[in-house]
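Line by line, the protein sequences are chains A and B. Sequential numbering of the first sequence, starting at 3, is according to my numbering. Sequential numbering of the second sequence, starting at 5, is according to my numbering.
Be careful, since some hints might not be right.
So, partial list: chain B residues that the calculated Cβ filter (under 7 Å) puts toward chain A [what the hints assert, rightly or not]:
{"id": "1", "residue": "Gly10"}
{"id": "2", "residue": "Leu49"}
{"id": "3", "residue": "Asn53"}
{"id": "4", "residue": "Arg54"}
{"id": "5", "residue": "Ile56"}
{"id": "6", "residue": "Ser77"}
{"id": "7", "residue": "Tyr79"}
{"id": "8", "residue": "Val95"}
{"id": "9", "residue": "Ser98"}
{"id": "10", "residue": "Arg116"}
{"id": "11", "residue": "Ile201"}
Just some of the chain B residues that point at chain A, by a computed CB distance under 8 Å [as the list claims (entries may be wrong)]:
{"id": "12", "residue": "Ile29"}
{"id": "13", "residue": "Thr59"}
{"id": "14", "residue": "Gly61"}
{"id": "15", "residue": "Asp62"}
{"id": "16", "residue": "Leu64"}
{"id": "17", "residue": "Asn66"}
{"id": "18", "residue": "Asn91"}
{"id": "19", "residue": "Gly107"}
{"id": "20", "residue": "Met117"}
{"id": "21", "residue": "Leu121"}
{"id": "22", "residue": "Lys124"}
{"id": "23", "residue": "Lys127"}
{"id": "24", "residue": "Gln154"}
{"id": "25", "residue": "Phe242"}
Bear in mind the hints are in silico, worked out from the structure with no lab data behind them. Every residue gets a Cβ at the ideal spot worked out from N, C-alpha and C, and that includes glycine.
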Amino acid sequence: MTKQRLYVYSRRLLIIAAVVLIYVWAILGLPVIEIKETSMEVMGSIFSGLLQPDLDYIYDPAGEDLLRGLLDTLAIAFLGTVIAGFLCIPFSFMASSNIVKTRAIVGTNKFILSFIRVFPDIVLALLFIKAVGPGAFAGVLALGIGAVGMLGKLISESIEGVDLSAREALIATGGNPIKTFMFAIVPEVLPNFFSFIMYRLEVNVRAATVLGVIGAGGIGTPLIFALSVRDWERVGIILLGIIVMVTVIDIISGKIRARLT
Amino acid sequence: MIELQGVSKTYPDGTVGLNNINLTIDSGEFVVIVGLSGAGKSTLLRSMNRLIDITEGDILVNGASITKAKGQSLYDIRRNIGMIFQNFNLVRRSSVLRNVLSGRVGYHSTLRMIFGLFPKADKQLALEALKRVHIEDKAYNRADQLSGGQQQRVSIARALAQEAEIILADEPVASLDPVTTTHVMDDLKRINQDLGITMVVNLHSIELARTYATRIIGLDAGEVVFDGSPQDATDDVFAHIYQRRQMTEERVQSAT
């Protein structure tokens with residue numbers, strides 16, 4: 003009895019000691035935190051920019067303005083989501099073990115989906131900028147390909163969780179595989195499918211605002227320019243624009259998704 | 005008419021589902037297959053429309069071999085056989101009407117069905133089928149909003165809309181309460197008598213079988229152990245059959 007207790011206590015002590023050591027080692031490894039002298043000044047400027055935004059930038063008939071930038075961003079996110087929505091369909095069905103009975107095919111497709119998920123959107127965008135040149139098209143491709151991994155995984159998992167007993171009934175009525183698929187499987191899967199697409203649209207709108215920073219089109223490009231020339235009023239209006247756009251899209255998409263399921 | 009000639013089914017793991025079954029089911033009969041769980045009732049029923057492939061023998065539906073049928077000819081034979089399941093097997097998210105209409109898919113081209121375009125006559129037929137089982141007022145509800153008994157009626161309507169000559173029912177009342185059970189069995193009996201549709205129904209209750217059947221087939225361990233009229237299917241006969249089964253099981257247990 004006492005021996006057992008001694009063992010438990012010593013094990014606990016060892017674990018605590020190990021955790022403490024790891025923490026000490028991690029903290030010692032940190033570089034000395036240096037706060038730039040100008041940092042407070044910059045923070046202050048950004049806040050004052052937010053409070054006194056450059057309202058003239060919202061709409062400028064002559065050319066580049068906030069509304070056009072935001073519209074670009076939305077278009078990139080929307081188009082990317084549509085492309086991903088189509089591309090993920092074959093993958094998500096072939097990665098569902100209750101639709102495809104061949105284990106090798108299911109495994110291969112699950113692997114492809116995981117492999118696509120490995121690349122962050124920014125990395126994909128950098129690759130596509132090299133491939134098709136800077137601009138909105140690179141952004142669309144990055145989001146279109148990047149979202150396939152996540153959408154495919156979520157959708158195939160929801161397909162695997164769906165009740166497919168109606169499939170047997172459709173086979174019994176004399177339906178061929180295509181008819182069976184259209185009547186027994188599609189109606190059960192469709193609401194989840196659109197729900198995930200809407201969710202990915204929310205994610206893509208956020209991602210698209212960042213893509214411009216590396217030159218893949220959208221509102222990020224004027225933002226990084228304004229930051230580099232310390233035009234704080236313009237930074238302020240762009241940030242406000244992004245906040246409003248993302249919030250509105252989230253609310254709309256949330257409402258639609260609530261109705262779908 | 006369904007003819008089973010020397011039908012055997014051995015599952016890949018070696019389990020014998022059916023063992024040399026010879027049966028002829030005539031048009032207009034109300035056949036009830038009874039037996040304990042695992043006796044092979046479901047396997048027998050599912051082999052008749054080839055939801056399960058048999059390993060030996062042949063099954064003829066109206067003279068055509070479903071065992072040898074391929075592609076379109078298999079779909080055509082199946083179109084003539086409606087099926088009702090224990091768990092209803094409805095498309096839960098679709099409307100009742102659409103579920104009933106899905107019984108019609110065998111009559112139309114694949115392209116038409118991809119777009120879900122049913123002719124007006126089909127819709128009329130589906131509504132009439134729903135009327136026959138007294139739930140036409142639920143036509144536009146979602147299937148999963150209905151109670152178990154109502155869902156089973158939808159699946160009967162689906163089989164009716166299919167305009168099949170034969171209806172197979174695999175434990176149609178096993179997940180229903182006693183009152184709903186009577187309703188559903190009455191519906192099946194009425195359809196059998198009014199429309200002359202051949203019924204082959206799996207049940208585990210011999211009492212129900214005696215009330216509704218014109219012919220009872222007793223199944224045990226994949227073999228036909230009784231085939232006769234409801235009057236002959238007395239409790240004594242079945243007690244004897246099930247006792248035999250118990251004795252075999254005990255013998256197997258003591259041997260291992």
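Do the hints match the structure? See the list:
1. Gly10: 24 Å, violated
2. Leu49: 10 Å, violated
3. Asn53: Because about 6 Å separates B:Asn53 from the closest Cβ in chain A, which is inside the 7 Å limit, the hint holds.
4. Arg54: The hint is violated - B:Arg54 has no Cβ within 7 Å of chain A, the shortest such distance being about 9 Å.
5. Ile56: 11 Å, violated
6. Ser77: Where the cut-off is 7 Å and the nearest Cβ of chain A is about 10 Å from B:Ser77, the hint is violated.
7. Tyr79: 4 Å, holds
8. Val95: With Cβ-Cβ at 4 Å, under 7 Å, it holds.
9. Ser98: The hint holds - B:Ser98 has a Cβ within 7 Å of chain A, the shortest such distance being about 5 Å.
10. Arg116: With Cβ-Cβ at 10 Å, over 7 Å, it is violated.
11. Ile201: 15 Å, violated
12. Ile29: 17 Å, violated
13. Thr59: 20 Å, violated
14. Gly61: Violated, because the Cβ-Cβ distance from B:Gly61 to chain A comes to roughly 21 Å (cut-off 8 Å).
15. Asp62: Since chain A brings no Cβ nearer than about 20 Å to B:Asp62, farther than 8 Å, the hint is violated.
16. Leu64: 17 Å, violated
17. Asn66: Violated. Min distance 14 Å.
18. Asn91: Check passed: Cβ of B:Asn91 comes within 6 Å of chain A, closer than 8 Å.
19. Gly107: 5 Å, holds
20. Met117: Hint holds; B:Met117 Cβ to chain A Cβ min 5 Å, cut 8 Å.
21. Leu121: Because about 12 Å separates B:Leu121 from the closest Cβ in chain A, which is outside the 8 Å limit, the hint is violated.
22. Lys124: Because about 19 Å separates B:Lys124 from the closest Cβ in chain A, which is outside the 8 Å limit, the hint is violated.
23. Lys127: 15 Å, violated
24. Gln154: 16 Å, violated
25. Phe242: Hint violated; B:Phe242 Cβ to chain A Cβ min 30 Å, cut 8 Å.
The structure fails hints 1, 2, 4, 5, 6, 10, 11, 12, 13, 14, 15, 16, 17, 21, 22, 23, 24 and 25 (numbered hints given earlier, in ascending order).
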